[in-house]
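Student: Each protein sequence line maps, in turn, to chains A and B. Convert by adding 9 to the 1-based position in the first sequence; the result is the number in this note's numbering. Convert by adding 528 to the 1-based position in the second sequence; the result is the number in this note's numbering.
No wet-lab data here; the hints were simulated from the structure. It is possible that some hints are incorrect.
Okay, derived cross-link-like pairs now, SDA-like style, lysine to any residue, Cα gap no bigger than 25 Å in a straight line [said to hold, decoys possible]:
hint : chain 1 : residue 1 : chain 2 : residue 2
1    : A       : K142      : B       : Q721
2    : A       : K47       : A       : Q94
3    : B       : K862      : A       : P216
4    : B       : K862      : A       : I190
Just so you know, these numbers come straight off a predicted model, no measurement behind them.
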Amino acid sequence: MAEERTPLQGGNPGWAGETGEYGHLTEADVRGTTYVGKRPPEGTSPGASCSYPYQVGGGRPDAPLFEGPYRERLDKILSRYPNRQGALLPVLALAQEIRGHLSPESMAEVAAALGLAPAYVRGVATFYTMYHKRPVGEHLVQVCTNVACNLCGADEVLRAFLAATGTEPGQISADGQYTVIEAECLGACGFPTAVQVNDRYFENVSPEAVPAILERLAQEAAARSSAAARQGS
Amino acid sequence: MAYPYRDEREVRILSAHFGDPEARTLAGWRQRGGYEALGQALALSPEQVTEIVKNSALRGRGGAGFPTGLKWSFLRNDGRPHYVLVNSDESEPGAFKDRELCRWTPHQLLEGALINAYAIRAQHVYIYMRGEFFEPAQIVARAIDEAYAAGIAGPDVLGSGVTIDVTLHLGAGAYICGEETALMNSLEGRRGQPRVKPPFPAVFGAFGQPTNINNVETLCTVPHIIRNGADWWRSIGTDKSTGTKLFNMSGHLVRRGNFEFPLGFNMKELIYDVCGGIRDGRSLKAVIPGGSSVPMLAAHELDIPCAYERVATAGSKLGTASMIVMDDRTDIVKQVRRMVEFYAHESCGQCTPCREGTAWLARIMRRIEAGQGTEADLALLVDLGKNMTGTTICVLSDSAAAPVLSSLAKFKDEYLALIGRAAPVAAAV
Numbered sequence: 010m011a012e013e014r015t016p017l018q019g020g021n022p023g024w025a026g027e028t029g030e031y032g033h034l035t036e037a038d039v040r041g042t043t044y045v046g047k048r049p050p051e052g053t054s055p056g057a058s059c060s061y062p063y064q065v066g067g068g069r070p071d072a073p074l075f076e077g078p079y080r081e082r083l084d085k086i087l088s089r090y091p092n093r094q095g096a097l098l099p100v101l102a103l104a105q106e107i108r109g110h111l112s113p114e115s116m117a118e119v120a121a122a123l124g125l126a127p128a129y130v131r132g133v134a135t136f137y138t139m140y141h142k143r144p145v146g147e148h149l150v151q152v153c154t155n156v157a158c159n160l161c162g163a164d165e166v167l168r169a170f171l172a173a174t175g176t177e178p179g180q181i182s183a184d185g186q187y188t189v190i191e192a193e194c195l196g197a198c199g200f201p202t203a204v205q206v207n208d209r210y211f212e213n214v215s216p217e218a219v220p221a222i223l224e225r226l227a228q229e230a231a232a233r234s235s236a237a238a239r240q241g242s
Numbered sequence: 529m530a531y532p533y534r535d536e537r538e539v540r541i542l543s544a545h546f547g548d549p550e551a552r553t554l555a556g557w558r559q560r561g562g563y564e565a566l567g568q569a570l571a572l573s574p575e576q577v578t579e580i581v582k583n584s585a586l587r588g589r590g591g592a593g594f595p596t597g598l599k600w601s602f603l604r605n606d607g608r609p610h611y612v613l614v615n616s617d618e619s620e621p622g623a624f625k626d627r628e629l630c631r632w633t634p635h636q637l638l639e640g641a642l643i644n645a646y647a648i649r650a651q652h653v654y655i656y657m658r659g660e661f662f663e664p665a666q667i668v669a670r671a672i673d674e675a676y677a678a679g680i681a682g683p684d685v686l687g688s689g690v691t692i693d694v695t696l697h698l699g700a701g702a703y704i705c706g707e708e709t710a711l712m713n714s715l716e717g718r719r720g721q722p723r724v725k726p727p728f729p730a731v732f733g734a735f736g737q738p739t740n741i742n743n744v745e746t747l748c749t750v751p752h753i754i755r756n757g758a759d760w761w762r763s764i765g766t767d768k769s770t771g772t773k774l775f776n777m778s779g780h781l782v783r784r785g786n787f788e789f790p791l792g793f794n795m796k797e798l799i800y801d802v803c804g805g806i807r808d809g810r811s812l813k814a815v816i817p818g819g820s821s822v823p824m825l826a827a828h829e830l831d832i833p834c835a836y837e838r839v840a841t842a843g844s845k846l847g848t849a850s851m852i853v854m855d856d857r858t859d860i861v862k863q864v865r866r867m868v869e870f871y872a873h874e875s876c877g878q879c880t881p882c883r884e885g886t887a888w889l890a891r892i893m894r895r896i897e898a899g900q901g902t903e904a905d906l907a908l909l910v911d912l913g914k915n916m917t918g919t920t921i922c923v924l925s926d927s928a929a930a931p932v933l934s935s936l937a938k939f940k941d942e943y944l945a946l947i948g949r950a951a952p953v954a955a956a957v
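Excised from the complex, chain B in its bound form (with noise of 0.2 Å):
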């Protein structure tokens, strides 16, 4: 059950208990089925359970879409500590999955990190929250006292003689911790700058140990996949883009929320049937498809499946599927300028392209949406845009020329009308 809206054409696996407080509790999570899929995989070896995750063909629900068992898979038994570390940094403008998952089942959290870190044969699990969530940090704290109670973590899980630790760790408040790195970075008690690849994570991550990250909505779903099997997983879904997913719509939408779909379901329907349409009786302008680091669409570009290979070839990216839904009456210029000011608040500042880059997007946006702007600065815009992209150490720079790049492709009109107002250049000469 999506919440706080629910349609009849989900699929709710993960979703399944969201707005049932006695889902919470460990008891609850029990009488629902909860913990048998650990109890599976505790009884498989590591790479068996790897390996299940590996045939679910499921792709990590952070933003990136990368294979998940292909990720665990890189992590050897070498002796050395592992780590699995959980992004729960949530923070992408648009993204609100993760705090419903942490609110409604943490156990589910719990369960399908705890056997990450078998798979992996990590010892300490770390959930990194962003400091914000601190609703929903306290209700993963207590599954956590609930789990060490009943020997589900700690020195002896489930009586396999395996131990495996979980530690809350809390961030301070930096969008740019999502990223892998910088959230290594950050919970070793350093600023929260991403790091140069290679090494990769799994070769040197958290305290310079094998390290295995993933979201928190990828990890919900593997205990469904250790219950009932890849096959199953993958007979939902397309080819490229297994299973179910939340989707987050936010926006000029009648209905909000989160609602969970076989990826594929059509992004139309989606936003038109499944959340009512847009308010007020309007029509719709724009949708930012995946979070605000992604191009928008137009509104006669919808009609695609949301599946990550299909929203890319329409020239975007399904993201974490977290959808920003923009009516006619929005002003696209003021909506960019927001988010490249938010783009350039959270630049690390460690390449010089982002941290320039985005100080400078933000100035310019500022002065064209002011009515000082001129028509050399939309050609500045896609210059520094383009510098911008595919030139630093982490996305967050891509990121911030996403929007402006892709609003400018597409509604151009709004930026000329703006121009359009300023006082006559020549004038002054």
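Next up, chain A with everything else stripped away, as it sits in the complex (with noise of 0.2 Å):
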């Protein structure tokens, strides 16, 4: 198999960040994904794996709630909890996996499933920022520019990507690929510039690595299509 590694040059790996002394180390013992392998639509475990969605982009907005195996998932989601209430920060997310983004409408089917009032359902809704009340592009760009990356030069990386996607910040770029927003401290500040996209961190960004980032993305993306459309011939 071809080593997925990608040399370290001046900070700017473009994957999952400095690996200092550990060069050895490949992108996929970094970030995991050989051990975490492939979960299946409704979860593995109702402990584990049940209870995150799968933030990547492409959801259907009219797409149905809960039904084949996102009923599966809500039904292992309850069965961890007291009582439904329990399960609402979970059921939230697995809405959006399903439907991109949390409407109005969406909130309140949420909110029958649970036996919860819909204005209810919407104030948790609204507390919390991964909760997107609008839809977002395929991609979700978020660029931490809170202290330790701000130091490091955190605000250019935010205008590099908001420059390269030609958006402003919480716009859809123009073919429909790209939200850049800026986000609170991601938790990585030894890896600065930190970036979040979809599921992934991005991470030791700067500026000059922003548009090898976006072909990467556009690569990742074309090879889905390709895929799926194979899936549907």
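Combine both chains into one complex, guided by the hints.
Tutor: Rendered as structure tokens:
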């Protein structure tokens, strides 16, 4: 198998960050992707993988909620809490995974599924930043600009992403691919600037690394859609 | 081995297997002695396990430094359902240790959490991880699956007859959920607003039941203490700050990352020797020693041992030992403004001093940064900061005031220089 490792140059690896004295590690080693393996849509055990969402773009706003494998995940989630309200955060995340964002209608459906008042669910959902109340691009790019990253040039990284995607913060790019936002501390302060794109962190990101990261994301998206086309044919 | 750099002076206990992908797996973890401590604990009574942790004088690694064993001992054998919550909501600017522990050694965390659950007679562990930690969450989820399949979690833990379930619960983006009672509300499907204490979690915690909540790093130390004994842990560190600690080093350092040292290690040595000093041959201006919520220290204040009691004497706090190091080019006013904006964004809005205070601090800081501040603004910042300290349900408000007050005390010149640039007020009169 070809080495997945990208050579480290000037703090600009474009993937999981500076490996320092651990240069032998591959991207898969650092991210743990081999260990994690593939997860079926219905999740595996109720204790673990049912409760976290797939954070990938491409939700369908008109898709039905909680059918098929999603119904299985909903039931597994419910089995882990002493009451239905306890399941609210993971179920909101599940709804967002299916539809891409949480419209008032989606929140009302979640409320109905859990026996809660729609206004209550909206009150909770609007408290948390990771629930998108409006659609976002296929790739949600979150650039940490808090102090530890800021000291190391995070503002320039944010500007580079905005310029390269031709967007203002929070906007969806013309091709529907990108939404770039400023994020609060992502908890990767030793690897500035930390950037989260959907389910992955990109670390030690410099403004110069931005085109290469976007190129990689575009290539991956193209590979995903051609795989989907093959499956469909 | 700390990650991504190591130093020969380190004492590597928690971080011994960072950077080793094999240690992530159940088989690899067992080869490295994993789950022996859980077996040892299950052979003791819950009270005996708590006693060992108490005797180790381990202090909670989430920032407050509260004695862990004492906290465990608050729970009674009362027949009510008990819960263990793992606080993996790491979002204090500067802190990045729990993420490393979760992604490199998920079974270390699970083992500590299971021992914790046994010691307080909890049948359910919730690991509350911040939603952004999607990659570590997948790793921890895989470890939970492995633990269930191997009979380490679930209805009959290691054949002991004890039931301990483990559930991974992801947050959804709110700094305040790292506060223990806000975390409980969030777990229950509410807004993450801190609760008034008392009642304390040991009496009325998650879902209204007795609850014990511990930080990831705290729980990761527990298996080592059970295996090697309380005396061993107490032989490391200082009298009041026992054992080792992960130091999360960020900012303008030559070598950034996590390093594990006994508490009491000299801060200056840590910054200048272990981390190689300041990048680009610059000099040091300021250090925030324990995450953005603690007062900053100036360059001449760093010759102190990194122990809870000693950093407190120096006028700051060790907190999470997350050190943000700033070089001489740093614009202190800009960085304080950025921190204050963070707290304003993250305030849950319950208490007036915090809701209003953080917003006003941010507004005044922006005004000063833009060169439109006046000297009266500086007095106003101090006044606001003092009114925000010790006046609210949780300490987010105090945390927002800390960088403002400490920077005004230590780097007032930088504020005055910006005010000096402003158009003379008198001209308008």
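Student: Give a verdict on every hint.
Tutor: Going down the list of hints, with the structure as the test:
1. K142(A) <-> Q721(B): Distance of about 20 Å is within 25 Å: holds.
2. K47(A) <-> Q94(A): 29 Å, violated
3. K862(B) <-> P216(A): 20 Å, holds
4. K862(B) <-> I190(A): 20 Å, holds
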